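Peer 1: Protein chains in written order, with the numbering used here: chain Y, 38 to 186; chain P, 18 to 403.
Don't take each hint at face value.
[To be verified] Think about it this way: if two alpha-carbon atoms lie no more than 20 angstroms apart in a straight line, the pair counts; the simulated DMTMM-like pairs of lysine to aspartate or glutamate are:
#1 P:Lys-174 <-> P:Asp-272
#2 P:Lys-401 <-> P:Glu-262
#3 P:Lys-294 <-> P:Asp-272
#4 P:Lys-174 <-> P:Glu-322
#5 P:Lys-294 <-> P:Asp-379
#6 P:Lys-174 <-> Y:Asp-138
#7 Y:Lys-123 <-> P:Glu-219
#8 P:Lys-174 <-> Y:Asp-134
#9 P:Lys-174 <-> P:Asp-297
[Claimed, not checked] Quick look at which bits of chain P chain Y covers, simulated, 3 or more residues with Cβ under 8 angstroms:
#10 133 to 139
#11 156 to 163
#12 273 to 284
#13 342 to 353
#14 388 to 398
[What the hints assert, rightly or not] Label-pair ranges, simulated between beta-carbon atoms:
#15 Y:Ser-56 <-> P:Ser-97: 54 to 62 angstroms
#16 Y:Lys-123 <-> P:Asp-325: 33 to 41 angstroms
#17 Y:Gly-170 <-> P:Ala-285: 42 to 50 angstroms
#18 P:Asn-213 <-> Y:Pro-118: 39 to 47 angstroms
For the record, the hints were derived by calculation from the structure and aren't laboratory data.
The structure presented is a predicted model; accordingly, all values stated were derived computationally and were not measured.
The beta-carbon is built from N, C-alpha and C at its ideal position, and this holds for glycine as well.
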Amino acid sequence: MTEATPRYLPPQWTLPAISDHNEAFFTSGELRLETCRACGSVQHPPIGVCIECGGLEHDYIATTPTGRIDGFTIVHHAVHPLLAEKVPYNVVVVALDHHPDLRVVGNVITPAAVRNGARVRCTWTDPLPSPNGGPGIRLPQWILESEEA
Amino acid sequence: MQGNAAVVGVGESIYYRAGRSPHDAFQLACIAIRNAIADAGLQPGDIDGIVSFMHNGADAARLASVVGFGNLRFASQAWSGGGNLGAQALLLADAAVCAGHADHVVVFRALDQGRAGRFGQARSITPAVDEFAYLSPFGAAAPVVRNAIIANKFMHKYGISQEALADISLACYAHAQRNPRAVMYGRPLTRDDYHNSRWIAEPLHLYDCCQENDGATAVVVTTSERARDMRQPPAFILGGAVGVESRAGLWALADNAYPNGRFRSVGAHLWNTTGVKPADVDVAQFYENFTGTTLMAIADIGFCEPGDVEAFVGDGNLQWPDGGLPLNTSGGNLAEAYIHGFQLVNEAVRQVRGQSTCQVADVELSLSVAGPGTPPSSAVLFAKHV
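Working from the sequences, and respecting the hints, build out all of it.
Peer 2: So this is what it looks like as structure tokens:
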């Protein structure tokens with residue numbers, strides 16, 4: 038478990054609606070991926086139906102929270118008034134080290150310039166009040182690692 | 018398909034900047050539909066089918082009753098997504114008239130972003146569901162952000178520079194300067210203007226992003242047999258394709274072919290079923306929601322390899338009158354108007370008829386490609402002769 042970090046985007050900004058399929062990812066403070074109980078296939082985002090075998094039963098299993106940036110943008114135009122205080126902000130795609138075909142969208146919270154191929158590791162926000170009630174939401178956020186490796 | 022049906026009428030409302038239309042979407046739809054029917058030399062009572070996509074502030078039966086259609090025999094809607102559906106909607110009409118479900122089918126799209134909400138904004142902060150739960154909370158809350166990420170990855174992977182994006186935008190703006198319908202008519206754009214414009218989301222500048230507009234656009238489809246005796250030269254529907262590669266219909270970032278424009282299977286099917294090649298196409302209308310995704314669509318559909326797309330769009334190749342593939346000859350979504358891309362169908366038809374304000378000489382084949390990035394993708398190929 039890594040240290041908790043303040044939310045990168047404004048605290049009032051949109052949160053996920055928690056569902057049966059995404060609760061593990063958004064409340065555990067771990068990168069838990071939907072894993073088919075029947076065939077072991079791993080998919081993200083979770084869908085509830087295995088795209089390999091049609092299985093309906095899944096476990097949500099933590100993967101190593103590291104990866105590389107695989108596409109990003111720096112957003113300059115506030116698409117909602119709540120984001121006006123934050124522009125320019127980054128949005129990145131992270132290809133996971135242990136599942137390079139699976140990608141997670143998030144924000145890099147360290148100030149260094151974002152670039153494709155850069156290594157990142159995940160931290161999590163403190164629990165944020167869930168719009169559905171229930172367990173607090175912990176969003177993944179990314180820290181740039183040193184250039185070696 | 019195979020030239021058994023044709024577009025015989027095109028019409029539109031005035032195109033407005035979002036929020037400037039004095040009319041709501043229903044009124045705009047009625048204007049465009051009436052104009053398309055009149056252009057075809059038909060009366061409203063001749064129309065017995067209607068097709069659209071997404072919400073138009075207009076139910077089919079209500080529209081048919083208000084415009085004064087005859088007995089309505091076919092009413093349908095293309096499904097899943099948004100601007101990707103334009104050619105799919107047209108192909109539904111093609112299928113309907115070929116199967117005899119209706120004789121004259123209107124296909125239309127009406128947008129009233131002033132009243133219904135701007136497409137470029139995140140319209141609320143309600144909790145995000147499904148795949149949006151993995152996008153919006155991180156600020157990927159509008160199409161431009163998601164498209165910017167995919168463009169960044171595409172440009173990084175294939176070594177494509179900002180100039181390739183500029184080339185799309187400059188072609189659209191150049192063509193709009195000859196089209197009085199274009200919202201950007203009288204607003205020329207230089208390469209310096211392009212580079213000096215503000216970032217929306219890197220690598221997308223202001224001029225890489227489609228406009229937000231109010232307006233409506235419509236066409237009339239009938240069988241080729243009827244079309245040959247009608248008022249306008251027919252634009253025969255030679256071919257069309259709808260779809261997405263196997264397993265590529267999940268979110269864009271889960272696609273193993275990330276980044277792409279979602280047109281690979283559509284292009285392959287289009288050329289296989291018509292027997293023509295991309296190089297045979299005389300003029301093309303490619304939906305530009307954002308220029309980066311348009312580059313991907315051009316490559317996916319078969320005009321060049323992804324790594325060659327900067328060379329393909331460069332050196333004026335997209336610009337009328339001398340370019341090898343004049344693109345978006347009415348100004349496109351960027352500079353004519355963004356009516357969810359359906360106005361590109363009108364322009365593709367006008368090119369076949371010889372009625373464009375940037376008329377390409379001796380057009381035999383005219384391509385219209387709907388929105389990239391969101392599957393199922395769709396495209397339609399018109400021919401002057403079949």
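Peer 1: Against this structure, judge whether each hint is valid.
Peer 2: Now the hints, each set against the structure:
1. P:Lys-174 <-> P:Asp-272: With Cα atoms ~15 angstroms apart, Lys-174 (chain P) and Asp-272 (chain P) stay inside 20 angstroms; holds.
2. P:Lys-401 <-> P:Glu-262: Cα-Cα ~30 angstroms, so violated.
3. P:Lys-294 <-> P:Asp-272: violated (27 angstroms)
4. P:Lys-174 <-> P:Glu-322: holds (13 angstroms)
5. P:Lys-294 <-> P:Asp-379: holds (17 angstroms)
6. P:Lys-174 <-> Y:Asp-138: At roughly 16 angstroms apart (the allowed maximum being 20 angstroms), Asp-138 (chain Y) and Lys-174 (chain P) satisfy the hint.
7. Y:Lys-123 <-> P:Glu-219: Roughly 15 angstroms between the alpha carbons, so the hint for Lys-123 (chain Y) and Glu-219 (chain P) holds.
8. P:Lys-174 <-> Y:Asp-134: Judged against 20 angstroms, a Cα distance of about 19 angstroms means the pair holds.
9. P:Lys-174 <-> P:Asp-297: Measuring from Cα to Cα gives roughly 29 angstroms; hence the hint is violated.
10. 133 to 139: Our answer is that it holds, as 3 residues pass the Cβ test (under 8 angstroms) against chain Y, meeting three.
11. 156 to 163: holds (count 6)
12. 273 to 284: holds (count 3)
13. 342 to 353: Result for this restraint: violated, n = 0.
14. 388 to 398: violated (count 0)
15. Y:Ser-56 <-> P:Ser-97: 54 to 62 angstroms: violated (21 angstroms)
16. Y:Lys-123 <-> P:Asp-325: 33 to 41 angstroms: Given range 33 to 41 angstroms: holds, Cβ gap about 38 angstroms.
17. Y:Gly-170 <-> P:Ala-285: 42 to 50 angstroms: Holds - the Cβ-Cβ distance for Gly-170 (chain Y) and Ala-285 (chain P), about 49 angstroms, lies within 42 to 50 angstroms.
18. P:Asn-213 <-> Y:Pro-118: 39 to 47 angstroms: violated (26 angstroms)
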